[in-house]
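Protein chains: 2
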Amino acid sequence: MDEIELPRVLQQLWGIEGRTRPGPKPAFQVGDIGRAAIKLADAGGLSAVSMSKVAAELGVTTMALYRYVEAKDDLYVVMLDEAFGLPPDVSDAEDWQQRITTWAEAFRAALQEHPWILQVPVFEPPLSPNQLVWMEAGLRAFEDTPLTPSDRLSAMLLVNIYVRGTTGLSVNMLNLPPHEAAAAGERYARRLRMLATPDRFPAITATLEQPQEFIDNDPTEFYFGLTTVLDGVQSLISRRAT
Amino acid sequence: MDEIELPRVLQQLWGIEGRTRPGPKPAFQVGDIGRAAIKLADAGGLSAVSMSKVAAELGVTTMALYRYVEAKDDLYVVMLDEAFGLPPDVSDAEDWQQRITTWAEAFRAALQEHPWILQVPVFEPPLSPNQLVWMEAGLRAFEDTPLTPSDRLSAMLLVNIYVRGTTGLSVNMLNLPPHEAAAAGERYARRLRMLATPDRFPAITATLEQPQEFIDNDPTEFYFGLTTVLDGVQSLISRRAT
DNA sequence: CGCACACTGTGTGCGCCATACACAGACCAT
DNA sequence: ATGGTCTGTGTATGGCGCACACAGTGTGCG
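If you're matching them up, the sequences are chains G and D in order.
Each number in this note's numbering comes from the position in the first sequence (counting from 1) with 31 added on.
Each number in this note's numbering comes from the position in the second sequence (counting from 1) with 31 added on.
It is worth saying that the hints were derived from the structure and are not from the lab.
Where is the CB? At the ideal position from N, CA and C, for every residue including glycine.
Please note: incorrect hints may appear among the correct ones.
Not close to chain D: a few residues of chain G, all C-beta gaps over 12 Å, as computed [to be verified]:
1. Pro38
2. Pro55
3. Leu71
4. Gly75
5. Ser83
6. Ala172
7. Pro209
8. Ala272
The list that follows gives simulated cross-link-like pairs (lysine-lysine, DSS-like), each with its CA atoms no further than 27 Å apart [as the list claims (entries may be wrong)]:
9. Lys56(D) x Lys70(D)
10. Lys103(G) x Lys56(G)
11. Lys56(G) x Lys84(G)
12. Lys56(G) x Lys70(G)
13. Lys103(D) x Lys103(G)
14. Lys103(G) x Lys56(D)
15. Lys84(G) x Lys103(D)
16. Lys84(D) x Lys70(D)
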């Protein structure tokens, strides 16, 4: 229909060309800009991504970028689409648990590879190509269940939210060199022990008495929580099956 | 012990005084700064909070704030502690589901009242007084369950993550005047229908065929997901009980 | 065939941001 | 009373996103 109302960046990501254009040929494509920005973000976090640094990375002036993106938020859209890439194939999985687990693992891996993703401010639901493919893949994980399409959306969002949240806890706080991360965890436990006195904070104290890592990067913790979430989905499935 | 190693802001929030001080009396306390910043953030989002605007709100110069906080991140800590306040009392609840549900509702309410909370970058686990009280309350919700302290921490985090995530979806995208929000949702559905073609995106298409709000502020949706999460916790409890 | 004009990248400049630093005055312990 | 420490101020710096005017480029249309 009227794809004119689509933001320009989305048009470019989807490969929808506008009319043929007079004037000089563009020196690159949005994808190139996205990759340059990702390179900076992987190295120095999202705060290392500025229009001028991205432009410098590409060898052009800052304002040249505004021929490709309307604002910095558009740059984020491109970065996210590029960073996620395509989801794994799950066609040979046997049941929905296996499929959604593979999906969740891949999602988590993407977040760990590009920790800055979790710092990207999101103001709109996703519409870029790869994001939709991820969405499609997540929904298809529930293909042979009695869940309604609306249920499937909720279930996928639940897993999505879980992975984002749980990975964010470790990634946002522990994206340091491992020994430094351990030191930070230790320091946190020490401070917590100091502030959360047993009289006013008995439950926190009890947690601290167990010799566990308080914040943990351990994949075991990830699967533990994921299992819990999937158990919840299973009970929804059971309810729908009756 | 050596509370000297605590960042200054935390010392002030916890009311731990340093030694007696020569020099002029401070004109206000960190809490005042936090409240001024919250006022700005509630009105204009987190981006409306700048050191100079907060200072102007208080009638002092920008640099005066740096006598109270070491950096802007410290300001965020103060804002969060102030904005969350204290969790609700759940002492008269009958079971853990009721307690954690009340806790989750209050958490959600806080996020909806202060949508900017979800935009605050978090680099450290919480140590401020009110945050620890919330944490304690969340852990206590599982008091009469067979869950271990470590399980309880996981379960609380799971609910925390769910509320943050699900509220974030609606709040980040729909914190507009209601009719404008509806228009945005409508526009999104239209674009999705255009881009997610049935041949390549059958599952998304199926979801769109149901006449539902694709992104929904509806509390029903909130309880639906929460129930699913709690069902998962219930199955963990059942496992632990055996 | 040529030319009008849309389009690209450049240069300059604006207003805002966080925060470093030097300073003047205020107050408490001695 | 006075020394030293703390408070708030004034000034300055380097970075940011982005608006705008401009010069050159190449394509579709006359």
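Verification of the hints:
Non-interface call for proline 38(G) relative to chain D: violated, since the shortest CB-CB distance, roughly 9 Å, does not exceed 12 Å. With a least beta-carbon separation of about 29 Å from chain D, proline 55(G) lies farther than 12 Å from that chain, consistent with its non-interface assignment. In this structure leucine 71(G) is separated from chain D by more than 12 Å, as the shortest Cβ-Cβ distance comes to about 18 Å. Listed as outside the interface, glycine 75(G) is consistent with that label: its C-beta sits roughly 15 Å from the nearest C-beta of chain D, beyond the 12 Å cut-off.
Remark: the non-interface label on serine 83(G) is consistent with the geometry, its nearest Cβ contact in chain D lying 20 Å away (cut-off 12 Å). For alanine 172(G), the requirement that its beta carbon stay farther than 12 Å from each beta carbon of chain D is not met, with the minimum near 9 Å. The beta carbon of proline 209(G) is kept farther than 12 Å from every beta carbon of chain D, the shortest such distance being approximately 17 Å. Even its closest Cβ contact with chain D, about 14 Å, leaves alanine 272(G) beyond 12 Å, as expected for a residue assigned away from the interface.
With a CA separation close to 25 Å, the supplied pair lysine 56(D) and lysine 70(D) stays within the 27 Å bound. Proximity of lysine 103(G) to lysine 56(G) is assessed by CA-CA distance (about 23 Å); at most 27 Å being required, the pair is judged to hold. The straight-line distance between the Cα atoms of lysine 56(G) and lysine 84(G) is roughly 23 Å, inside the 27 Å bound, and the hint therefore holds. Straight-line distance between C-alpha atoms of lysine 56(G) and lysine 70(G) comes to about 25 Å, which keeps the hinted pair within the 27 Å bound.
The suggested pairing of lysine 103(D) with lysine 103(G) holds, with an alpha-carbon distance near 22 Å, which does not exceed 27 Å. As the CA atoms of lysine 103(G) and lysine 56(D) are separated by approximately 44 Å, the hinted pair breaks the 27 Å bound. Distance hint between lysine 84(G) and lysine 103(D) is fulfilled; the C-alpha atoms sit about 23 Å from each other, no more than 27 Å. Annotation: proposed proximity of lysine 84(D) to lysine 70(D) holds, straight-line Cα distance about 11 Å (limit 27 Å).
The structure does not agree with the numbered hints 1, 6, 14 stated previously, though it agrees with the rest.
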